[in-house]
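Protein chains: 2
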Amino acid sequence: MKKGCKFGTHRVIEPKGTLPQPAWKIDNNMDIFDNEILINVETLNIDSASFTQIKEQADGDVEKIKEIMLDIVEKRGKHHNPVTGSGGMLIGTIEKIGPDLEGNIDLKVGDKIATLVSLSLTPLRIDNIKEVRKDIDQVDIDGKAILFESGIYAVIPDDIPQNLALSVLDVAGAPAQTAKLVKPGDTVLVIGGTGKSGMLCLYEAKKRAGVTGKVICLGHSEKSLDRVRKVGLADEYVVADATKPVEVMERVSEVTDGEMADITINCVNVPNTEMSSILATKDDGLIYFFSMATSFTKAALGAEGVGMDTTMIIGNGYTKGHAQIALEIMRESKELRELYEELYA
Amino acid sequence: MKKGCKFGTHRVIEPKGTLPQPAWKIDNNMDIFDNEILINVETLNIDSASFTQIKEQADGDVEKIKEIMLDIVEKRGKHHNPVTGSGGMLIGTIEKIGPDLEGNIDLKVGDKIATLVSLSLTPLRIDNIKEVRKDIDQVDIDGKAILFESGIYAVIPDDIPQNLALSVLDVAGAPAQTAKLVKPGDTVLVIGGTGKSGMLCLYEAKKRAGVTGKVICLGHSEKSLDRVRKVGLADEYVVADATKPVEVMERVSEVTDGEMADITINCVNVPNTEMSSILATKDDGLIYFFSMATSFTKAALGAEGVGMDTTMIIGNGYTKGHAQIALEIMRESKELRELYEELYA
Numbered sequence: 001m002k003k004g005c006k007f008g009t010h011r012v013i014e015p016k017g018t019l020p021q022p023a024w025k026i027d028n029n030m031d032i033f034d035n036e037i038l039i040n041v042e043t044l045n046i047d048s049a050s051f052t053q054i055k056e057q058a059d060g061d062v063e064k065i066k067e068i069m070l071d072i073v074e075k076r077g078k079h080h081n082p083v084t085g086s087g088g089m090l091i092g093t094i095e096k097i098g099p100d101l102e103g104n105i106d107l108k109v110g111d112k113i114a115t116l117v118s119l120s121l122t123p124l125r126i127d128n129i130k131e132v133r134k135d136i137d138q139v140d141i142d143g144k145a146i147l148f149e150s151g152i153y154a155v156i157p158d159d160i161p162q163n164l165a166l167s168v169l170d171v172a173g174a175p176a177q178t179a180k181l182v183k184p185g186d187t188v189l190v191i192g193g194t195g196k197s198g199m200l201c202l203y204e205a206k207k208r209a210g211v212t213g214k215v216i217c218l219g220h221s222e223k224s225l226d227r228v229r230k231v232g233l234a235d236e237y238v239v240a241d242a243t244k245p246v247e248v249m250e251r252v253s254e255v256t257d258g259e260m261a262d263i264t265i266n267c268v269n270v271p272n273t274e275m276s277s278i279l280a281t282k283d284d285g286l287i288y289f290f291s292m293a294t295s296f297t298k299a300a301l302g303a304e305g306v307g308m309d310t311t312m313i314i315g316n317g318y319t320k321g322h323a324q325i326a327l328e329i330m331r332e333s334k335e336l337r338e339l340y341e342e343l344y345a
Numbered sequence: 001m002k003k004g005c006k007f008g009t010h011r012v013i014e015p016k017g018t019l020p021q022p023a024w025k026i027d028n029n030m031d032i033f034d035n036e037i038l039i040n041v042e043t044l045n046i047d048s049a050s051f052t053q054i055k056e057q058a059d060g061d062v063e064k065i066k067e068i069m070l071d072i073v074e075k076r077g078k079h080h081n082p083v084t085g086s087g088g089m090l091i092g093t094i095e096k097i098g099p100d101l102e103g104n105i106d107l108k109v110g111d112k113i114a115t116l117v118s119l120s121l122t123p124l125r126i127d128n129i130k131e132v133r134k135d136i137d138q139v140d141i142d143g144k145a146i147l148f149e150s151g152i153y154a155v156i157p158d159d160i161p162q163n164l165a166l167s168v169l170d171v172a173g174a175p176a177q178t179a180k181l182v183k184p185g186d187t188v189l190v191i192g193g194t195g196k197s198g199m200l201c202l203y204e205a206k207k208r209a210g211v212t213g214k215v216i217c218l219g220h221s222e223k224s225l226d227r228v229r230k231v232g233l234a235d236e237y238v239v240a241d242a243t244k245p246v247e248v249m250e251r252v253s254e255v256t257d258g259e260m261a262d263i264t265i266n267c268v269n270v271p272n273t274e275m276s277s278i279l280a281t282k283d284d285g286l287i288y289f290f291s292m293a294t295s296f297t298k299a300a301l302g303a304e305g306v307g308m309d310t311t312m313i314i315g316n317g318y319t320k321g322h323a324q325i326a327l328e329i330m331r332e333s334k335e336l337r338e339l340y341e342e343l344y345a
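Chains C and Z, in that order, give the protein sequences.
Under our numbering, the first residue of the first sequence carries the number 1, and numbering increases by one thereafter.
Under our numbering, the first residue of the second sequence carries the number 1, and numbering increases by one thereafter.
Source of the hints: derived by calculation from the structure; they are not laboratory data.
Honestly, I wouldn't trust all of these hints.
Said to hold, decoys possible - Restricting the straight-line Cα-Cα distance to at most 30 Å, the calculated cross-link-like pairs of lysine-lysine (BS3-like) are:
{"id": "1", "chain 1": "C", "residue 1": "K244", "chain 2": "Z", "residue 2": "K244"}
{"id": "2", "chain 1": "C", "residue 1": "K230", "chain 2": "C", "residue 2": "K334"}
{"id": "3", "chain 1": "Z", "residue 1": "K214", "chain 2": "C", "residue 2": "K6"}
{"id": "4", "chain 1": "C", "residue 1": "K244", "chain 2": "Z", "residue 2": "K75"}
{"id": "5", "chain 1": "Z", "residue 1": "K183", "chain 2": "C", "residue 2": "K183"}
{"id": "6", "chain 1": "Z", "residue 1": "K320", "chain 2": "C", "residue 2": "K180"}
{"id": "7", "chain 1": "Z", "residue 1": "K230", "chain 2": "Z", "residue 2": "K180"}
{"id": "8", "chain 1": "C", "residue 1": "K244", "chain 2": "Z", "residue 2": "K2"}
{"id": "9", "chain 1": "C", "residue 1": "K55", "chain 2": "Z", "residue 2": "K16"}
{"id": "10", "chain 1": "C", "residue 1": "K3", "chain 2": "Z", "residue 2": "K334"}
{"id": "11", "chain 1": "C", "residue 1": "K282", "chain 2": "Z", "residue 2": "K2"}
{"id": "12", "chain 1": "Z", "residue 1": "K244", "chain 2": "C", "residue 2": "K75"}
{"id": "13", "chain 1": "Z", "residue 1": "K112", "chain 2": "Z", "residue 2": "K134"}
{"id": "14", "chain 1": "C", "residue 1": "K2", "chain 2": "C", "residue 2": "K112"}
{"id": "15", "chain 1": "Z", "residue 1": "K282", "chain 2": "C", "residue 2": "K180"}
Said to hold, decoys possible - Here are the in silico distance ranges between beta carbons for each label pair:
{"id": "16", "chain 1": "Z", "residue 1": "G258", "chain 2": "C", "residue 2": "T212", "range": "41 to 47 Å"}
{"id": "17", "chain 1": "Z", "residue 1": "P271", "chain 2": "C", "residue 2": "G210", "range": "38 to 44 Å"}
{"id": "18", "chain 1": "C", "residue 1": "K108", "chain 2": "Z", "residue 2": "K320", "range": "52 to 58 Å"}
{"id": "19", "chain 1": "C", "residue 1": "E56", "chain 2": "Z", "residue 2": "E56", "range": "28 to 34 Å"}
{"id": "20", "chain 1": "Z", "residue 1": "T212", "chain 2": "C", "residue 2": "E222", "range": "55 to 61 Å"}
{"id": "21", "chain 1": "Z", "residue 1": "D31", "chain 2": "C", "residue 2": "S253", "range": "27 to 33 Å"}
{"id": "22", "chain 1": "Z", "residue 1": "I13", "chain 2": "C", "residue 2": "K96", "range": "57 to 63 Å"}
{"id": "23", "chain 1": "Z", "residue 1": "I13", "chain 2": "C", "residue 2": "N29", "range": "49 to 55 Å"}
{"id": "24", "chain 1": "Z", "residue 1": "V211", "chain 2": "C", "residue 2": "E56", "range": "53 to 59 Å"}
{"id": "25", "chain 1": "Z", "residue 1": "D284", "chain 2": "C", "residue 2": "R227", "range": "32 to 38 Å"}
{"id": "26", "chain 1": "Z", "residue 1": "E56", "chain 2": "C", "residue 2": "G232", "range": "50 to 56 Å"}
{"id": "27", "chain 1": "C", "residue 1": "K134", "chain 2": "Z", "residue 2": "I13", "range": "33 to 39 Å"}
To be verified - Chain Z regions said to be covered by chain C (calculated; three or more residues, Cβ under 8 Å):
{"id": "28", "stretch": "16–22"}
{"id": "29", "stretch": "74–88"}
{"id": "30", "stretch": "108–122"}
Cβ coordinates follow ideal geometry from the N, Cα and C atoms, glycine included.
Excised from the complex, chain C in its bound form (with noise of 0.2 Å):
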């Protein structure tokens, strides 16, 4: 065996000089150097963004959506979808630990544990798709996958069932920079605030921005809004299509006296959401994008383009803490807990 860098450079087929997440294709060898972890995978938890492009392209017929993934993993030795960059995370088991990393971290072969790394840079090879579960973008497969050394993964708790944990850690960077972001009288407002991140972003803007704050979730229709408002997740709801600014920049005046929002969260996966996200927002506003569907042109020529003086951060799927962060919500939040595994798990 041998010893490989730590960002996974010497798996990188082509172009070489990149990193495992842009270049086009990894060396997905099941051997593993001294430095890396072999997972034994059960289920991928693919990205909501890419999982819908797919199901799209296979006119949602299961057997088309196993060929596609089949054929991406293939040409590129992971499952990084070509048409929305991104990849999406895996649960699976610990088959062997790289003898350079062997008693230095808190893994033991055996151990079962989520990847907090894309799918977009791990080296995935997949031998059997065995069942979709199309509704929640889960996939459980036969495969192996490796870890970096400088990847990030969490043990699978004991006291929360793995789909939801997996449904909870796939997201999890979103409510820990929301927590991070959102202080006392904030007025946020969570665009796609219905969704698997959208909810955890709610909860946890409405916890740090308290009493004196406003919580704002936007929603696409009345039905996905009245689960939330059976939670009790906002202190305003609004049905809006996130891809019309002007609708959405009039919805969110009304609940707002025209204030509109200090901060954003946009978590809504489909395209062309920028422009409301920035007419949403104050001139001196924040907005953070989650969605991977986001345009940084789109974004950075819109605010230009309406003159608007607003911060605009790429959503880092990392954060210190974040897993901790996620999984204590279902701890907290019965309700949304009960939601999360009627909806995702």
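Please build the complex by placing chain Z on the supplied structure of chain C, with the hints as guidance.
Then chain Z, alone, in the frame of chain C:
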């Protein structure tokens, strides 16, 4: 005549309900609405990423460049490059001011202005392309353009020549954002520091970081670094290929004793530099992506992939006072002004 939307939605042809920037096609009929301004265009300053792409597509041939530009405007009603998604800006004289605006703004017919909103949302008609200045991304035309009520602009100052002012205003957001971000003592890395926006960022960074800070200029060649070195814009000068993350990380590590940058400003208009920016920055540092070639997903997944808790900001071309801040640099630094005139005016 009639009243239009202040953001220009009345000119969107497709898709309906969007704003002019994300729209595929807008109406470039030059009969103005009551709250629009008609501009007699002299010069287009094409966004650097866009013009680089057009030059490559045309193999550097001027007549082909003209064809591509005319084709973009013919198809979209605006100079919105469909490949890069970016625009640029223009200079011209005020030909007509809608009655709703006349007297309420600091402009009169005959004033020479630069529009500070992107060409990617500005209704434009090109009657004739007179001259293509390939090296400075400027194109002289006969044509007209329209400024919406929300559009921002700067009157060309008397003490700065027009072409110089246009070059500076084109990238005004970057130095102004730098001025707002950098604090005394910061280690600041400017990737693409030898370029049009990079040099202005270096100047502001050095002014704000002060004697206790360290400003690092990263460029792709010794020749370009030498130009900047002569003007004394940085404390350290580093040659590296910005698309090679490991190389960039090692060079920046050398000049910071392994500490890396507190703030990294990315001004390099080539794709695949997100990871270099991330690896060159402290785990709790901040990256400001001004480059229009930035990929949202590459940045988001890249940071997550290496477990870095970095704050990443989408460069907003507009911030309050950006035109004044950028133009003032030309008054403050005789040396930088001379270099700027040599390269870009």
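We went through each hint and held it up to the structure:
As the CA atoms of K244 of chain C and K244 of chain Z are separated by approximately 39 Å, the hinted pair breaks the 30 Å bound. Taken as a hint, the K230 of chain C and K334 of chain C pair is honoured in the structure, with Cα atoms around 12 Å apart against an allowance of 30 Å. Between the alpha carbons of K214 of chain Z and K6 of chain C the distance comes to roughly 28 Å, so the proposed pair stays at or under 30 Å and holds. Between K244 of chain C and K75 of chain Z, the direct Cα distance comes to roughly 23 Å. Compliance with the 30 Å bound is thereby established for this hinted pair.
For the hint linking K183 of chain Z to K183 of chain C, the alpha-carbon distance of about 23 Å falls within 30 Å, and the restraint holds. Restraint check: the Cα-Cα separation between K320 of chain Z and K180 of chain C comes to about 26 Å, which is no more than 30 Å; the hinted pair holds. Only pairs whose Cα atoms come within 30 Å are accepted, and K230 of chain Z paired with K180 of chain Z is accepted, the gap being roughly 26 Å. Of the supplied pair hints, the one linking K244 of chain C and K2 of chain Z holds, its CA atoms being roughly 23 Å apart against a limit of 30 Å.
Of the supplied pair hints, the one linking K55 of chain C and K16 of chain Z holds, its CA atoms being roughly 26 Å apart against a limit of 30 Å. At roughly 53 Å between alpha-carbon atoms, K3 of chain C and K334 of chain Z are farther apart than 30 Å, so this suggested pair is violated. Distance check on the hinted pair: K282 of chain C and K2 of chain Z sit about 29 Å apart at the alpha-carbon level, within 30 Å; holds. At most 30 Å may separate the alpha-carbon atoms for a hinted pair to count; K244 of chain Z and K75 of chain C meet this at roughly 23 Å.
The hinted pair formed by K112 of chain Z and K134 of chain Z meets the criterion: a straight-line CA distance of about 23 Å does not exceed 30 Å. This hinted pair checks out: K2 of chain C and K112 of chain C have alpha carbons roughly 26 Å apart, not beyond 30 Å. Restraint check for K282 of chain Z and K180 of chain C: satisfied, since their Cα atoms lie roughly 18 Å apart, inside the 30 Å limit. About 44 Å separates the C-beta atoms of G258 of chain Z and T212 of chain C, a value consistent with the hinted range of 41 to 47 Å.
In this structure the hint that P271 of chain Z and G210 of chain C lie 38 to 44 Å apart at CB holds, the actual value being about 43 Å. Between K108 of chain C and K320 of chain Z the beta carbon distance is about 55 Å. The supplied range of 52 to 58 Å therefore holds. For the pair E56 of chain C and E56 of chain Z, the supplied restraint of 28 to 34 Å holds, since their beta-carbon distance comes to about 32 Å. Judged by the Cβ atoms, the range 55 to 61 Å given for T212 of chain Z and E222 of chain C holds: they are separated by roughly 57 Å.
For D31 of chain Z and S253 of chain C, the hinted distance range of 27 to 33 Å is satisfied, since their beta carbons lie about 31 Å from each other. The hint said 57 to 63 Å for the Cβ distance between I13 of chain Z and K96 of chain C, and at roughly 59 Å that hint holds. In this structure the hint that I13 of chain Z and N29 of chain C lie 49 to 55 Å apart at CB holds, the actual value being about 52 Å. Evaluation of the 53 to 59 Å hint for V211 of chain Z and E56 of chain C yields a pass: the beta carbon distance comes to about 57 Å.
Between D284 of chain Z and R227 of chain C the CB atoms are about 37 Å apart, so this pair conforms to the stated range of 32 to 38 Å. Taken as a hint, the range 50 to 56 Å holds for the pair E56 of chain Z and G232 of chain C, whose Cβ atoms sit roughly 55 Å apart. Taking 33 to 39 Å as the suggested C-beta distance range, the pair K134 of chain C and I13 of chain Z conforms, at roughly 37 Å. A count of 6 residues in the stretch 16–22 of chain Z with a Cβ less than 8 Å from any Cβ of chain C is obtained; the coverage claim is therefore met, three being the minimum.
Counting residues of the stretch 74–88 of chain Z whose CB lies closer than 8 Å to any CB of chain C gives 4, which reaches the minimum of 3, so the coverage claim holds. Taking a C-beta to C-beta cut-off of 8 Å, the stretch 108–122 of chain Z contributes 5 residues in contact with chain C, enough for the three needed, and the coverage statement holds.
Going through the hint list in order, the structure does not satisfy hints 1, 10.
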